[in-house]
Amino acid sequence: MRELINWLAEPIRSFPIFTFLFFMMMRYYKVVGTKKFGYWGLAISIPVVAWFCADPNFLAIILWPDNIPINIIIIMLTFLTWLSLYKCAENDKRIEAGECPIEALPENREKVWAWPNLVYTELFVIIATTIFLVVWAIIFKAPLEEPANVTWAPNPAKAPWYFLGLQEMLVYFDPWMAGVVLPGVIVVGLIAIPFIDTNPKGNGYYTFAERPLAITSFLFGWLVLWIYLIIVGTFLRGPNWTFYGPFEYWDFHKVVADYNVNLSEYVWIKILNVPMPKNLVLREIFGIIGTVAYLTVLPFLSLKTKIGKELYAKSGTIRYYIFVFLFIIMMSLPIKMVLRWLINLKYIVALPEWELNL
Amino acid sequence: MSEDLKKSLNRREFFSYLSVAWISFTAACAGLGALAFRFSYPNVNFDPEMDFIAGLPTDYEEGVDERWKNGFGVWMVKQEGKLVALSNICTHLGCVPNWLPAELKFKCPCHGSGYYMTGVNFEGPAPRPLERYKISITAEGTIKVDKTKVFRQEKGQWDHPDSYISV
Numbered sequence: 001m002r003e004l005i006n007w008l009a010e011p012i013r014s015f016p017i018f019t020f021l022f023f024m025m026m027r028y029y030k031v032v033g034t035k036k037f038g039y040w041g042l043a044i045s046i047p048v049v050a051w052f053c054a055d056p057n058f059l060a061i062i063l064w065p066d067n068i069p070i071n072i073i074i075i076m077l078t079f080l081t082w083l084s085l086y087k088c089a090e091n092d093k094r095i096e097a098g099e100c101p102i103e104a105l106p107e108n109r110e111k112v113w114a115w116p117n118l119v120y121t122e123l124f125v126i127i128a129t130t131i132f133l134v135v136w137a138i139i140f141k142a143p144l145e146e147p148a149n150v151t152w153a154p155n156p157a158k159a160p161w162y163f164l165g166l167q168e169m170l171v172y173f174d175p176w177m178a179g180v181v182l183p184g185v186i187v188v189g190l191i192a193i194p195f196i197d198t199n200p201k202g203n204g205y206y207t208f209a210e211r212p213l214a215i216t217s218f219l220f221g222w223l224v225l226w227i228y229l230i231i232v233g234t235f236l237r238g239p240n241w242t243f244y245g246p247f248e249y250w251d252f253h254k255v256v257a258d259y260n261v262n263l264s265e266y267v268w269i270k271i272l273n274v275p276m277p278k279n280l281v282l283r284e285i286f287g288i289i290g291t292v293a294y295l296t297v298l299p300f301l302s303l304k305t306k307i308g309k310e311l312y313a314k315s316g317t318i319r320y321y322i323f324v325f326l327f328i329i330m331m332s333l334p335i336k337m338v339l340r341w342l343i344n345l346k347y348i349v350a351l352p353e354w355e356l357n358l
Numbered sequence: 359m360s361e362d363l364k365k366s367l368n369r370r371e372f373f374s375y376l377s378v379a380w381i382s383f384t385a386a387c388a389g390l391g392a393l394a395f396r397f398s399y400p401n402v403n404f405d406p407e408m409d410f411i412a413g414l415p416t417d418y419e420e421g422v423d424e425r426w427k428n429g430f431g432v433w434m435v436k437q438e439g440k441l442v443a444l445s446n447i448c449t450h451l452g453c454v455p456n457w458l459p460a461e462l463k464f465k466c467p468c469h470g471s472g473y474y475m476t477g478v479n480f481e482g483p484a485p486r487p488l489e490r491y492k493i494s495i496t497a498e499g500t501i502k503v504d505k506t507k508v509f510r511q512e513k514g515q516w517d518h519p520d521s522y523i524s525v
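Protein chains in written order, with the working numbering: chain W, 1 to 358; chain R, 359 to 525.
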């Protein structure tokens, strides 16, 4: 059983599983978002987690001081995701029946003063957080290490937990892409959301049925592309950034057969059976054409689909193309990851001479 | 004009005071800025020297030698009659890879880039091979490694006579 879970946890299998579960969750949010499902989920997950923790290797990973906050966050995140789906499901049922959302009921529209209602709550939260941090600091020693040394790196060298998704992303991309361009697009895209999404539905109340595309695409980027990568980067990456299953001992000498090939080498040497051209642009021409086509043809192709037409009519030209551009940039991450896992593709466009690798 | 009016500040005096005050303020700001700028440079520099004498060519056996890794960040790799000084900075994001003697490869702990003994990348995200430093034989017959000059394989610089010594 543990062997099976280790095998399933490999990104090539766990990523599709996680993606599938995510879409099932969104598809059947009315089933997931019930108290019954919540209680059953809790009742089942407690013995499962206890069984996981019975394994010394798994326990060693989750009790590593750096990983404690991530454990807490995963538990909170699971609960909050369920809670939001629960509230969405409740409201959507009411809206279907022709009633107003729960937030719009007269008793919930009552206004109260910030002082003392809010300030007292805040005071309590401040005290509780301080106590929590003090207790935490006493129980778990700060994972401090020796002074920095430019000629030595810890193994594995891990970023702070909130950057581990980014570090996992860097495994598949050039540092310029995963370190600068993609985070930049993420930040700009998040800023752009209120300007792109002008759907007034869902203001001040939970609903899924009235804005399925917005919620699904956001949660896909958040849960599947960010949280999943943080989990992989935190718990499943050991020495030499090699993949280790949750029950696997972090053996420094684990050998992984891994040989990455650029797209240009694939096409010229393996398929066309000719030596690589000397001209750089000619050498990478397939990758360049592919990338340009991906960025320019797909937005127009998306207009042919039913969802695309509806969205175009609702949001207008500029909003639509900005949304589609951000969306295909987001999708480039899973595409590149799957290509790496399936055919060991290193770079689609590999121009190390110009420091440009896609 | 009455006496007490003369005692108060007239326009010309006001501007001369203002000039003095403004110049002092500017000078103080500039001085503070200069101090802050100076502060950003360390008094003592603990960085390793950019060039060093790496012993005699006969000191090295076939394979990877790690004796200068901690001091200078250089691996000496002797292979097929050539001795090269390989940089220990990963070309992906600048981490420090480890030499794994059992697997005969350099492996970066940050994102899993792997390099052959020659320094050529073959796994993980590293886009190009490790860099070589300039290496030469001094008049006394010792090896001198100069880290200010790097040779990059993807630019075809590894054939350059300064990038290796024949042993």
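Just so you know, these hints were derived from the structure itself, not from any lab.
Be aware that one or more of the hints could be misleading.
[As the list claims (entries may be wrong)] Simulated coverage check for chain R against chain W, where a stretch passes if three residues somewhere in it have a Cβ under 8 Å from a Cβ of chain W:
no., stretch
1, 427-438
2, 466-479
[What the hints assert, rightly or not] Partner residues aside, some chain R positions facing chain W, computed with beta carbon under 8 Å:
no., residue
3, N446
4, N456
5, P483
6, K502
Keep in mind that this is a model prediction, so the values were computed, not measured.
We put the CB at the ideal spot given by N, CA and C, even for glycine.
Here's how the hints hold up against the structure:
1. With a cut-off of 8 Å between beta carbons, the stretch 427-438 of chain R has 5 residues touching chain W; three or more are needed, and the interface restraint holds.
2. Note: the stretch 466-479 of chain R has 6 residues with beta-carbon separation from chain W under 8 Å; the three-residue rule is met and the coverage holds.
3. The interface hint given for R/N446 is met, as the beta carbon of that residue sits about 7 Å from the closest beta carbon of chain W, less than 8 Å.
4. The interface hint given for R/N456 is met, as the beta carbon of that residue sits about 6 Å from the closest beta carbon of chain W, less than 8 Å.
5. Interface hint at R/P483: satisfied, since its Cβ lies 6 Å from the closest Cβ of chain W, which is below the 8 Å cut-off.
6. Evaluation of the R/K502 hint against chain W yields a violated restraint, the C-beta minimum of about 19 Å exceeding 8 Å.
When held up to the earlier numbered hints, the structure conflicts with hint 6 and nothing else.
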